[in-house]
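Student: Chains as they are written, first to last, in the numbering used here: chain A, 1 to 191; chain B, 192 to 478; chain C, 479 to 920.
Honestly, I wouldn't trust all of these hints.
Here are some of the chain C residues that sit facing chain A, going by a computed Cβ distance under 8 Å [as the list claims (entries may be wrong)]:
id: 1; residue: Met687
id: 2; residue: Ser708
id: 3; residue: Gly728
id: 4; residue: Ile729
id: 5; residue: Gly731
id: 6; residue: Ala732
id: 7; residue: Gly751
id: 8; residue: Ile774
id: 9; residue: Val835
id: 10; residue: Arg837
id: 11; residue: Ser866
id: 12; residue: Arg884
Note that these hints are calculated values from the structure, not bench results. Since the model is a prediction, treat every value here as computed from it, not as a measurement. Beta carbons are placed, not taken as given, at the ideal position from N, Cα and C, and that holds for glycine.
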Amino acid sequence: MYRRIAVLMLLAGCLGLAACASHKPKPSAEQQQSSSENGAGANSEGAAGGANASGGPFGNQNSIAGPQAGMLAKRTIYFDFDSAVIKGDGTDIVSAHARYLSDHTDARVRLEGNTDERGSPEYNIGLGMRRAQAVRQALLLQGASAAQITVVSYGAEHPVDPAHNEDAWAKNRRVDIVYLAPNGQPTQPPQ
Amino acid sequence: MSVVLHGSLIALLALGWWHFRQTAPAPSLPINATVVDARTLKGLGTASRPSPQPKAPPRAQPQQPPPAPVEGPPPPTPDEIAMREQAAKEEAEHEALAEKAEQAREAQRKAAQAAAAEQAAQAQKAEEAQAAAEASKLAAAKKAAAKLAAKKKLAQERKLAEEKKLAAQQAAAERAARVADLQQSLREDEQASVASGALASWQSEITSRIQNAWIRPPTAQPGIKCVLNVGLVPGGSVTSVSIGDCNGDDAVRQSIQTAVYNAAPLPPPPDGIPFPRQLIITFQPTH
Amino acid sequence: MNPTLRMASLLRIFVVVLTAACLTPPAARAQLQIQITSGVNNPVPIAIVPFAEAPTDGTDVAAVVQHDLVGSGRFSELPRDKMPATPTSAADVRFADWKAAGSDYVVVGQVVPVAGGQLAVDFNLLNDLTGQSIARQRFVGSTSALRNAAHRVSDVIYQAITGIRGAFATRIAYIAVVGEGADERFQLVVADADGYNQHLILESRFPLMSPAWSPDGQWLSYVSFENHLSAVYVQRVLTGERTRVSMRAGINGAPAWSPDGKKLALTLSGSSGHPEIYVLDLATQHLTRITDSPSINTEANWSPDGRSIYFTSDRAGEPQIYRCAATPGSNPERITFTDEYNAGPHVSPDGKLLAMVTRDDSGSYRIAVQNLVTGDFRVLTPGRLDQSPSFAPNGATIMYAARPGRAEAGILATISVDGLTGLSLKPTQGEVRDPAWGPFIQ
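Put together the whole structure using the sequences plus the hints.
Tutor: Structural data, given as structure tokens:
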């Protein structure tokens, strides 16, 4: 069953590449170049990536590669309270990583789901998993393969901000995309 | 060309998506952008269930009163005597009647013997006539006897009814006597028309002092009933506390004794009411 | 009316009146009858006089007993500077003085050395209103076990006055988080129920959670993320010997021991992604799935008779507490209907009360208790970020994780089931959470 999907995805990916190839020279190279141009600056805010999409020497009218260029550097997707709906630019971030994963079939990621600290700890494990699963589904649908993804939920146990206020809680409701080396340890993520 | 390729790409993606949905394992939640927001399901989660009424504690069944002693028959009343005399009279009358009939028969037999032969038929006729008369008289006498018997029965029934009436009157009389007795003793205690109100309020003051002093342990639940006999001296101090019937555990027993000592000294009773020497306290929590 | 019937009824009235008349005591004037139908729920005033101490020891036994009893919420202490005297045996106690000082009970005692280098703790619990000795006992142990002896004294006093078995000589397990950033460490700790005598059971750079005691108090089960993924372990407390019980794909969480100690309920999500309740037979390793619902099902907690499992499920939208049979195929029954969020069930040892985390309309997370017999629902704690309730083995007190203020570290706290405030257990560094109250120690 999964093989069939994978074949379909591969076909789709190939078609997509072909489609893009018809009027865009060397998309991979261009992507890498544009990403490294703003890799230094693009840490967590998205403005730089967006600006590069429209302008630049290799800028193009195609909308697929452009806005996602800076998204690859972002590896955190945020959620609203009690929700597993990917919000804001999370969908773009997911798309960027999905493309990368489909392009680099050796790449491996671990999706780490998290919640804010409120409520019952084990129920929060379930909520974090629900969010990680949402990101996993989105990745699969957009080119990644199941073998590339492992999923874990830390619930409320692994906050990035230990404060106890709305700001901190918003930062903790997240899924982190962690790139893994072949030995399973976290590795340098793509820029 | 690119349009065609893009179009087929989209078509393939759509196919893949559809296929994915068809062949995916029974989905957990469709955890993509189409997930049902939990907030929209608010209505399902707030149905309130009425809390069942707590059961009332079982009420003690009242004891059946012991059977009443049976009373002996009362002595005959004057009515009865009169009735008996009447009956005797009627009896005597009946006898007299019978005697008379006998005598008549004797006389006629003699007359018949005197005018024996010629008047045999006449005598016989007369005899027959007499016999008929006798028979009818006997019948009448029998009727009278039957009537008498019926009267006797009626008399007996009346007698029974009289007996019952008497018993009822006696019972009513005795009850009235008891009520009067109780009222008398109450009056003796109250000593005046206002005294009953003062007594009740003194009683409730003592009750609330003990209630406020009783630190109930968790094991003092409804169903617990403990009786304390408390010795008092004038001035309201407690001289002795002893536990009567009690189904509570040691913690309950400790708590009720402690409560009484802490409630002491008790306030003095209203004027005119002597200080009780003994307090009987029943601890019986209701909730 | 039938004459016989009337006769009979009149006779009955007569007899009832006669009986009533006989029962009225003749000397009614000298006696007063009072009915008491309620009382008060105040703490019992008690004076715990400093014990005569053995010269070599530093533990203040009376202070430990006082801390236990007052911490339960059911007692109030007479401060030492208000004590009229310092007797150490019953013969020296002048009851009237203590009554005048406001105490109902006085505890006196001594710590004396006995054979074998051990210490004996003797105590006497006296009611200074009745003048009677209520409880009197001796506990013998080593010098290092003196605090435990003091807790045993507290247990006896607590039971004599409240009727409930004391749970002061028990242990708790909890998670401590110390350090920050790269130095952050997670610890599984076992301590006395009052927070003293801490023992480090496990330390990890990765999160630990959900400790659970086996019914015999010999094992702890817990969740560890030491492989970057969740796994459930069981570990023998005394020796540290450790076995990994489940590290399947997805969630491995919320371990709960069955009352007979032979099975472990677990939350597993497999690759489907949604958590379900499973039961693992520890001897055969046979895994049985109990719930089947595309939602979050977790936080299993066994009923005391071992036949049912209470758990959290958001199948109705928001998390609520359900109960199902501990064998597969039963339809779960919803238990909680108050408020929109109820999770983390923990049932009392007598099976009548269910503790949980509830979120009220103001968004505060508090500990509540629902009476499983009457349906009565009561919020106990005043907090805003309370979690993880755990019943003491006597069912009288609940320990939970609290955050006293927005900027403050997490602590453990206790509260009695009728809402009387209890203890706070504050760590000297870092924060603590996820308490699990151990069983009675035989």
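Student: A separate judgement is required for each hint: does it hold in the structure or not?
Tutor: A quick look at each hint next to the structure:
Interface hint status for Met687 of chain C: upheld, as the beta-carbon distance to the closest one in chain A is roughly 6 Å, under 8 Å. Taking 8 Å as the C-beta contact cut-off toward chain A, the hint placing Ser708 of chain C at the interface holds, the least distance being around 7 Å. Because the closest C-beta pair between Gly728 of chain C and chain A is about 7 Å apart, less than 8 Å, the hint holds. Look at Ile729 of chain C: its Cβ gets to within about 6 Å of chain A, closer than 8 Å, so that hint holds up.
Evaluation of the Gly731 of chain C hint against chain A yields a held restraint, the C-beta minimum of about 5 Å falling below 8 Å. At about 4 Å, the closest approach between the beta carbon of Ala732 of chain C and any beta carbon in chain A falls short of 8 Å, and the interface hint on this residue holds. With its C-beta approaching chain A no nearer than about 4 Å, Gly751 of chain C sits inside the 8 Å limit, and its interface hint holds. For Ile774 of chain C, the suggested interface contact is upheld, since its CB lies about 3 Å from the closest CB of chain A, less than 8 Å.
Because the beta carbon of Val835 of chain C sits about 5 Å from the nearest beta carbon in chain A, less than 8 Å, this interface hint is met. Given the 8 Å rule on beta carbons, the hint for Arg837 of chain C holds: about 7 Å separates it from the nearest Cβ of chain A. Contact between Ser866 of chain C and chain A, as hinted, is supported at the beta carbon level, the nearest pair being about 7 Å apart and thus within 8 Å. Of the supplied interface hints, the one on Arg884 of chain C holds, with its beta-carbon coming within about 5 Å of a beta-carbon of chain A, less than 8 Å.
This entry satisfies every hint, going by the numbered hints stated previously.
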